[in-house]
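**Student:** Now for the letters of each chain:
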Amino acid sequence: MNLLASLPLYPLLSFLILISYGKRLSWVMASWISVGSMAAAALCSVFLVNQLSTSDTNVITAYMWQWFSVGSAKVNISFYLDALSSVMILVVTGVGFLIHLFAAIYMKSDENFNRFMAYMNLFIVAMLVLVLADNLVLLYLGWEGVGLCSFLLIGFWYQEKSNVLAARKAFIVTRIGDTSMAIGLFLLFKSLASLNIADINQLAQSTESFTSISMHATHSNAYWAALLLLGGAVGKSAQLPLQTWLPDAMAGPTPVSALIHAATMVTAGVYLIARMNGVFLMTPQVMTYVAWLGGITLLLAGVAALAQNDIKRVLAYSTMSQIGYMMLALGAGAWSAGVFHLMTHAFFKALLFLTAGAVILALHHQQDLFKMGGLLKKLPVEATLFIIGLACLIALPGTSGFFSKEAIIASLWSSPTAGPSLWWCAILGALLTSIYSCRLFFLAFLGKSRFSDSLVISDHVETNKLLRGALFILALLSLFGGLMTVDLSSLFSSYKQTAVNSYESPSWLHVVAIATPFVGIIFSWFYYRNYRVVSDKSVTASQSTFVVFCRNGLGFDTLYTVLLIKPYCFIAKLNRKDLFDQTLMLTAWYVRIWRDVLSVSQNGSLRWFAAAFGLSLVGLICVVIL
Amino acid sequence: MTEIPLTHVLILSSLLFIIGFVGVVARKNTLFMLMSLEVMLNAVGVAFIGAGSVWQEADGQIMFILILTLAAAEVAVGLALLIRMQRRYRTLDIDVLNQMKG
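Sequence order for the protein chains is G and D. Per this note's numbering, the very first residue in the first sequence carries number 16; after that it's consecutive. Per this note's numbering, the very first residue in the second sequence carries number 24; after that it's consecutive.
Here chain D stands alone, though its shape is the one from the complex:
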């Protein structure tokens, strides 16, 4: 079994994170923004797993399970908000919700 160097893991994780971030910023559809958030959370998860395996510690995996739970909770709230938004505004375009102007 060949070792995967940590650098590669971190590069993968950063790429995923950036893809997720760009998704959050560039997407208009709220559903896609939530999915991009998931991608970002998973990118962080990948980094934790990689680091855990390098140092042979369980902490990384524990952290990943924590993130997973967090993501599940966040999606539950997010989807509920999404349904309210659809009911109220008949759209999922996030730019409609811009009433909090300065």
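Only chain G is shown next, with the shape it has when bound in the complex:
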């Protein structure tokens, strides 16, 4: 057993210990175990990546045992580490470790602390399995594990109904995507007779029957397989038709949101598409779909983020829009840029969420932006960290977000599957990003303070240090993470350059892309003036129809309720009274009637008993005699 195989074992062991000892472990023990296991996993992955860079084959594999075999195809429990998955394990374990550290302090007073940390550990295990899997079935196992853990963690405070509903929604919506992905797996297996990822990527390009369009079909198998896989990715990464679960997932504790948005869950879809690049490259049509999906999602999410009142929901929509950028990059064939943005996004989104968590904690769990304000003076450290996070989100030059986002935008114009219109989408998205970020910052940190309670300043110096330590490391990563350039170009096979429909990039592209965030900042500096300056004018959320419409996620929830949920519930209600049910219910009615008769006869009255006894004796004698 080598080091790679043991990587998911650390959090798994910690999960098992925490879940089996339950509340008997003290806070100190539980946090040492869970955070320590994550630290071990992080160190282990750093070591592994180091080892990978020195190895000749650029791949480390770990074979453990054979799971099962279908025909000639074998499904193994084995891990596969290459440049792409090494980026992912660094993000998952590194950012995951910092989030665990933060969570251990943030959730200290919760009575179910151990259960919480156990789920967090399990989340990391599932994500590591997903990322390291060398075949699609093992990847699917991790995929489902991630879904399960997100369900458990979003509904962690299960005593409140809204949390449970949010958890259920996340589970069901992602399940739609999972089903599509499972079908995609079957299709891939049917047409390529293999489930190994590396094999599939190679076979996809060499197998004639896979890419060619058969006689009676309008599209090739590759088209359908890629489309189905895209369905899975859309569900997990909260992209356009299946994005509704993400804002509601804010019901979970803040570290969970950070974990879902930064290190795990939503990046899974991006990873899947990047991993299956061989299949997607065969179908430029689906690549275009991916790009358009990402482009539309990033715009819609940006508009929705402009209207949110809840600090965490703004961040949720911004995640959706950033994932949109990644999808856009993948669709444009800029694989490295997409994965690079995934990494930098993990850094600054974790920073933003955790800082927001610290602010929320300081304000007695107040999440409403319109009840904050003026926090810059009250919480200077948190405010500075938040500024760093937002600067990366806006992609100000020099920050990590700048390098990754510019890489994406630069690749769009000349890409054969994207083109100028998507480039404009991305620029518009960048403008929206800077506007909603400014709005968020002005509302929360500038202006007059609008909260009535006094702040909770953590008096425990040691925990405070730990809490901020995690945030500082993330801030450093967000600022300088851009310097760790991710070069994956050797990994991804590029297009066969046809160069027919690729556009010549004009020279002003970069200037516009760099200038856009500043335009957004200047615009919001004036537009959101009353959020920014200290005045006696009260600041309230706009109640106009359009703003409320945007706040509710552009009506997607309502649309799905009318289109899907209502008819489904109606049919389910009809179906309750079908023939088979009625037949089965006869038995129940029979039993029920007799129960009623017997229960009436047992009325407790002695005189009734005596009468019944006497009369039945008479009856019995009559029967015997006659």
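Heads up, a few of these hints could be off.
What the hints assert, rightly or not - From chain G, some residues computed to sit far from chain D (all C-beta separations above 10 Å): (1) Leu18; (2) Gln217; (3) Thr259; (4) Leu321; (5) Ile402; (6) Phe466; (7) Ile488; (8) Leu578; (9) Leu594; (10) Gln617.
Claimed, not checked - Estimated spans, in silico, between C-beta atoms of each pair: (11) Ala99/D / Leu641/G: 31 to 41 Å; (12) Trp609/G / Leu120/D: 24 to 34 Å; (13) Leu641/G / Ile34/D: 15 to 25 Å.
Honestly, the hints are just simulated from the structure, not real lab data. Even for Gly, the Cβ is constructed at its ideal location relative to N, Cα and C.
Once you have looked at the hints, place chain D on chain G.
**Tutor:** Showing chain D alone in chain G's frame:
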């Protein structure tokens, strides 16, 4: 001495039995229910005596003495229960004791 036919004895005994039974079922007062039970026991006694005298056997009378003892024992227990009931519920209404519902 005129013979009393067995039929008459049995009719008397049945009448007494039915009166007793109706008493048990219809009366609400527990004391009256106990008395009605006594009537039923005596009805059975009458039947035994009548049958004994017809067949000229002592068994009937022995049975009657047995019934008498049984009745005495039953009344002793019954009256004790009656006193407990009066103490506890301040009433002799049998319908109050209906907690053993199904």
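**Student:** All hints, please: hold or fail.
**Tutor:** Each hint tested on the structure:
{"no.": "1", "hint": "Leu18", "in the structure": "holds, 69 Å"}
{"no.": "2", "hint": "Gln217", "in the structure": "holds, 74 Å"}
{"no.": "3", "hint": "Thr259", "in the structure": "holds, 52 Å"}
{"no.": "4", "hint": "Leu321", "in the structure": "holds, 66 Å"}
{"no.": "5", "hint": "Ile402", "in the structure": "holds, 73 Å"}
{"no.": "6", "hint": "Phe466", "in the structure": "holds, 59 Å"}
{"no.": "7", "hint": "Ile488", "in the structure": "holds, 70 Å"}
{"no.": "8", "hint": "Leu578", "in the structure": "holds, 51 Å"}
{"no.": "9", "hint": "Leu594", "in the structure": "holds, 34 Å"}
{"no.": "10", "hint": "Gln617", "in the structure": "violated, 2 Å"}
{"no.": "11", "hint": "Ala99/D / Leu641/G: 31 to 41 Å", "in the structure": "holds, 40 Å"}
{"no.": "12", "hint": "Trp609/G / Leu120/D: 24 to 34 Å", "in the structure": "holds, 27 Å"}
{"no.": "13", "hint": "Leu641/G / Ile34/D: 15 to 25 Å", "in the structure": "holds, 21 Å"}
Against the hints set out earlier in the document, a violation occurs for number 10 only.
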